[in-house]
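Following the hints, position chain Z against chain G.
Residue numbers (our numbering), protein chains in the order written: chain G, 1 to 178; chain Z, 1 to 202.
FYI, nobody ran anything at the bench for these hints, they're computed from the structure. Watch out, some of these pointers could steer you wrong.
[Said to hold, decoys possible] Subject to a maximum C-alpha distance of 30 angstroms in a straight line, what follows is the list of computed DSBU-like cross-link-like pairs (lysine-lysine):
hint, chain 1, residue 1, chain 2, residue 2
1, G, Lys-151, Z, Lys-152
2, Z, Lys-93, Z, Lys-174
3, Z, Lys-93, G, Lys-83
4, G, Lys-91, Z, Lys-81
5, Z, Lys-152, G, Lys-91
6, Z, Lys-152, G, Lys-83
7, Z, Lys-93, G, Lys-147
8, G, Lys-151, Z, Lys-66
9, Z, Lys-69, G, Lys-150
The chain contents come next:
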Amino acid sequence: MILSCMLSRVLSVTSSVKSSAIASRKIQISCSFLFALILANMFCFSVRAEESPIAYVKVVNGTCIAIQQGEERPLNLGDPLFKADILKTSKESSLGVSFRDNTLISLGSSSQLRLENFEFDPDNNQLAFAVELFEGTLLYISGLIAKLTKKPEEELRITTPAGTVTVRGTRLFINAEQ
Amino acid sequence: MLDKPLIRFLFPLSLLLLAACSAPRGNYVILLAEEDGTVGQASVSNAQGEATLVAANSVVEVPRQKAPKKARELKAETVAKLTAETEAAQPPKPLNFIFFFGFDSTELTGDSDVIFTRVLENIKTRETVDISLIGHTDSTGSIEYNRELGLKRADTLRQKLVDNGIPSSLIDIKSLGEDSPLAADEGLDQRALNRRVVMVLR
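For reference, chain G alone in the conformation it holds in the complex (with noise of 0.2 angstroms):
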């Protein structure tokens, strides 16, 4: 959808430079171009803020920071947190943090977790909780997605670099060395 309409986008800039001089019309278009290339990147930009997040910082100590298509942000208190982000915290840091289900996640120091997925809409069956742990601890406790979900091999996943680990409704410690 976003591809199409970015498509859509460029063509319609393109096509309104048909109607310019021959002799402007290459540095026309490749300005054109940018300027798509600019529209387009406001536009993915506000389809990002727009999407809803799937948790909330709740806890942080030292320094923590998320990373979102190679962008890095540092994270703070009540911060949002959406799918894809990788969570990192330094040495001596830790995070906490809870998920629209009410599973309840905290991170210890020097750990790197991705958010693979989350999908939490009962009512139409969309339920899905994975995250991967690449180094460090993990201390996970279960939410609703655990309690509702009847395919938990499926639905629930925590992947380490060791195996994956999957889940039914409960607490658990996890430590990850690369």
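Just chain Z now, kept in the frame of chain G:
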């Protein structure tokens, strides 16, 4: 002096005992009891095999490129030490509050002020909050009408929270209409229980 066969027997045994008590290393998963004492279940699997955890404070270690080891139990002190840092960073427990409404009404019932005061007190004890509001109705009226009514009820509380300084962006509202009754939808008292909004404070 101990004779050789006995040493031969005792030495591996003591090693085994030591291993059983020692803290886990590398990649591992520990199953913990929940706050109410219940213990769930978890399993760890990779290409080489699978191991299941059923007892509180039991651990499954996963050696590099090998199958997960069988679960073994750890001492409570060992577990407490390992989990101390993450326990300290655990977010506060989500709290549920239920608000009731009159028949076909988006007005809160009289006793809801007391509950709302409790909500505000709890918000004060937290450094940051986000809130879910889920509206419900009884089964009188059409499904579509009740979806809408549930949403209006949730919105009544959203407005009340906003009036008390909670940013609207931190409030997530939805309606389940008549789909998720608290009580069997028979008789006046039970129907009244289904006309509600559940507020989750995180």
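Q. Honestly, which of those hints from before does the structure not fit?
A. Of the numbered hints, 1 and 5 do not hold.
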